[in-house]
Amino acid sequence: MRVLPALLLIITMAAPSFAQTQAQGDLWRAFAQKVDVGTRVKLRLDDGQRVVATLIEANADGLFVQPRTRVPVPVQRIAYERIVSFERDEGRGIGAAKAVAIGVASGVGAFLGTLLILIATID
Amino acid sequence: MPLAAAFLAAAFLTTGTAAAQQPAISLTPADPARWDIAGSVGWLGADTSGAGTIGDDWYDTFAGAVSIGRYVTPHLKTEIHGGMTGEGRIYRVEELPLPGAPPVFRAQEHYFRSATIGAGVFYQFFDNQWFHPFAGGGIEVLRERDRVEVQPPFGQVPGRALPPLTTPPSPQVTYAARPFVATGFKWYVAECAFVRTGIQASFSNHGATHVVWTAGIGGDL
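Residue numbers (our numbering), protein chains in the order written: chain A, 1468 to 1590; chain B, 1260 to 1480.
Only chain A is shown next, with the shape it has when bound in the complex (with noise of 0.2 angstroms):
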């Protein structure tokens, strides 16, 4: 008699999180087939992991996207799932001219500042 009361605790507790991740999932189905391919998006996974992605693919059975890396790897799947954000990256990043940019300036400014300190301790 006592098994029913468990089976009806597991139910009742297990359901709505199933259903509303299923929910979930269907939202992000749907507003993943109205963006266009080739979108820059930033993505954040039920695991915490937060990913910027050009946006290869939205099927039915999941999301494909290459992650925005520097060394590029290959296109993945995610399941919608799995989706807690998803919204179009608006390019607010670091670009690869922009990083080539900065990186000289560092190493410029670097040298320079280095000369300078040379300068300033010459007696």
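What the hints contain is simulated information worked out from the structure, not anything from laboratory work. Careful, some of the hints might be misleading.
Claimed, not checked - Some chain A residues near chain B, calculated using beta-carbon distances under 10 angstroms:
1) G1505
2) T1506
3) V1508
4) L1510
5) L1522
6) N1526
7) V1532
8) T1536
9) R1537
10) V1538
11) P1539
12) V1540
13) I1569
14) G1576
15) A1577
Stated by the list, open to error - Take a look, some chain B residues computed to stay more than 12 angstroms from chain A by CB distance:
16) D1316
17) M1343
18) G1359
19) F1364
20) P1422
21) T1425
What you are looking at is a predicted structure, and each value in this text was computed from that prediction instead of being measured. The C-beta atom is built at its ideal place from N, Cα and C for all residues, glycine as well.
Start from chain A and add chain B according to the hints.
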């Protein structure tokens, strides 16, 4: 008991959901870099306050170094480095006590030059990005050469003879093994080339004795 089991099962089901059914997105390339080589220039400040005379404690000079690192994981790197410095000068005064008379002083100019070799472990933050801060530490062996130029004594009372003066041996070379900590960042300018800058401090039982700021370039292999 069935109720307890039910709680456990429910907790597992509600928190587990679909997560962990699929691996997280991997940002590690198929063929990640294994080695990291870099060269740098910088500026060293070193404390010599243990010398036992009056005057400057710290000297500063140019420093240059090379390093080779081996990635154990995408985040963890072991590294060996070697470096040399220019000659840093300090001015110190030695007090020579005279019985029954004011002391006499003798100036000394010390010219320090050091070389180091060290090994450490570094943690590199972020995955496969353009900007990677890092922090780590290790042990380094320091060879320090101290060349001393001794000036004639001053403050001498005319007609009063000085006691026999000993001249410190020059150059003196000392060796020491010291722990170090370091932090900085790598800014990639291409897939495998970066600009790196950082600061490193090594310690003796007097505290931080050698602090060096470096900036340089390097590459992943």
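For each hint, the structure was consulted:
1. G1505: 19 angstroms, violated
2. T1506: 17 angstroms, violated
3. V1508: Nearest chain B Cβ about 12 angstroms off; hint violated.
4. L1510: 8 angstroms, holds
5. L1522: Because about 14 angstroms separates L1522 (chain A) from the closest Cβ in chain B, which is outside the 10 angstroms limit, the hint is violated.
6. N1526: Result: violated, 16 angstroms to nearest chain B Cβ.
7. V1532: 8 angstroms, holds
8. T1536: 4 angstroms, holds
9. R1537: 5 angstroms, holds
10. V1538: 4 angstroms, holds
11. P1539: 7 angstroms, holds
12. V1540: Check passed: Cβ of V1540 (chain A) comes within 5 angstroms of chain B, closer than 10 angstroms.
13. I1569: It holds, given that the least Cβ distance between I1569 (chain A) and chain B is near 6 angstroms, below 10 angstroms.
14. G1576: 8 angstroms, holds
15. A1577: It holds, given that the least Cβ distance between A1577 (chain A) and chain B is near 3 angstroms, below 10 angstroms.
16. D1316: 16 angstroms, holds
17. M1343: 15 angstroms, holds
18. G1359: It holds; G1359 (chain B) is separated from chain A by about 39 angstroms at its closest Cβ, greater than 12 angstroms.
19. F1364: 21 angstroms, holds
20. P1422: 33 angstroms, holds
21. T1425: 29 angstroms, holds
The structure shown violates the earlier hints numbered 1, 2, 3, 5 and 6.
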